[in-house]
Amino acid sequence: MLTFLTIPLELRLFIYDVFLANHQHVDASRQPSNAHFALLHTCKQIASEAAYYRAYVSLAHEQQITAFISNIPEAHASQILFADVANDGRIVSYSDQTVPVSYLYQALGKMPSLRRLRVFDCRRGGPTRDFVPGARLSLQFELAMFPSGRSGLHSYELYLEPSTQAVVFQTISPTNIQVLRLSGRVRFSKTLQVLSLSHLSIRCVTNNHLDHRMEEQFNHSNLQSFSYAQGNNRMGSEITDRYFQSLVSGPGAGLRKLVLLGCSKLTYTSLASCLRSLPLLEYFALSLVTIHELRSSFITALPASVTVFKLKISNAWYTDPLLQQETELCDELEASFLRRQPPPQSVSLNLRDSVLRGRDVHWRILARASGYSLTLGPWEQSENV
1 MLTFLTIPLE LRLFIYDVFL ANHQHVDASR QPSNAHFALL HTCKQIASEA
51 AYYRAYVSLA HEQQITAFIS NIPEAHASQI LFADVANDGR IVSYSDQTVP
101 VSYLYQALGK MPSLRRLRVF DCRRGGPTRD FVPGARLSLQ FELAMFPSGR
151 SGLHSYELYL EPSTQAVVFQ TISPTNIQVL RLSGRVRFSK TLQVLSLSHL
201 SIRCVTNNHL DHRMEEQFNH SNLQSFSYAQ GNNRMGSEIT DRYFQSLVSG
251 PGAGLRKLVL LGCSKLTYTS LASCLRSLPL LEYFALSLVT IHELRSSFIT
301 ALPASVTVFK LKISNAWYTD PLLQQETELC DELEASFLRR QPPPQSVSLN
351 LRDSVLRGRD VHWRILARAS GYSLTLGPWE QSENV
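Sequence positions in the sequence shown follow full-length UniProt numbering and run 1 to 385.
Among the hints, erroneous ones may be present.
Quick list of simulated restraints, FRET-style, between CB atoms [said to hold, decoys possible]: (1) S173 to E383: 22 to 32 Å; (2) Q79 to S370: 43 to 53 Å; (3) S93 to I15: 44 to 54 Å; (4) S196 to Q79: 16 to 26 Å; (5) D27 to M235: 41 to 51 Å; (6) D353 to N219: 12 to 22 Å.
Below are the DSSO-like pairs computed for lysine-lysine, each with C-alpha atoms no more than 27 Å apart in a straight line [stated by the list, open to error]: (7) K312 to K257; (8) K312 to K265; (9) K110 to K44.
In case anyone wonders, no lab produced these hints; they're calculated from the structure. Even glycine gets a Cβ: it sits at the ideal position worked out from N, Cα and C.
Just need the whole structure built from these sequences, with the hints factored in.
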């Protein structure tokens, strides 16, 4: 009888990896659970083979946090490299002392090897404690997690609601940060010196973060990838020509991956000019929201280095589709990119059926003959910005 433990070890290890990756995936800013630990209690052999599962923990509410502090062996806590946490953010201040309402700071203090931190909104906070007459309650996002500061993090990702305020790098050192994800009403405590930053993602930031020039914030960074998504909140800041140009001429000059979702304020002249300035670009995903015009000039501006290309065209809810311009864009796309030599590796297109008008069959034949993958239909969810 075939059982899980009778299949080859290499296949079991692959299954462990896939299961954990799927479990850690964040959908709609919902924090993952600790269900992965259940697998370690199946049998001793699985507990041994999947022991690296202990390097990840998710602390979603105060009861879980206090249980972690009380029960986690020091040896286990020292192995944790990756944590998802729900940050209460409240601080009680009195006299010359500040005390976080949540015990999360104690839990994080038990993780000396922590390298990757994802922070979520707290939906089940505990009651205030140590609240004496004259004390003041305030929100101090990072101070609530690391009152004494923290260095050594390589990845710092915020999965916050649009209304959640966060001051970034107030107590967390940016020195070794390689991956940064911003969301919510985020602002920086000071001019950044993020020397190691390689990957920056921005989703539904609801303040004036994108009104500043890129070099003012990341003037010493050398980005390999940049991802932006406005999200579903209409208050989200939109990427502008000024911001995009400062990205390409500054820290993003060496970009290899560029993802822009929900763009309506970028002009086509600026988009084309910036694409021509990215000779190393390999991966480009673009979701455009048209208002008054649509030009295909950015298609001809795609660098020859681009091997993965994704495109979606839609119109703002208060405007009519630009069907003629979308048709012309399809013509340019086929002539300049789909027939390109050497061919790309992968193309994903989300275009109207009324615009395709039978092109899909022709394009599939073309892709098969040229040897690249062609996907027609929605692709935005796969980006997971």
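Worksheet entry | Earlier hints that do not hold, by number | Hint check: 5, 6 fail, others pass.
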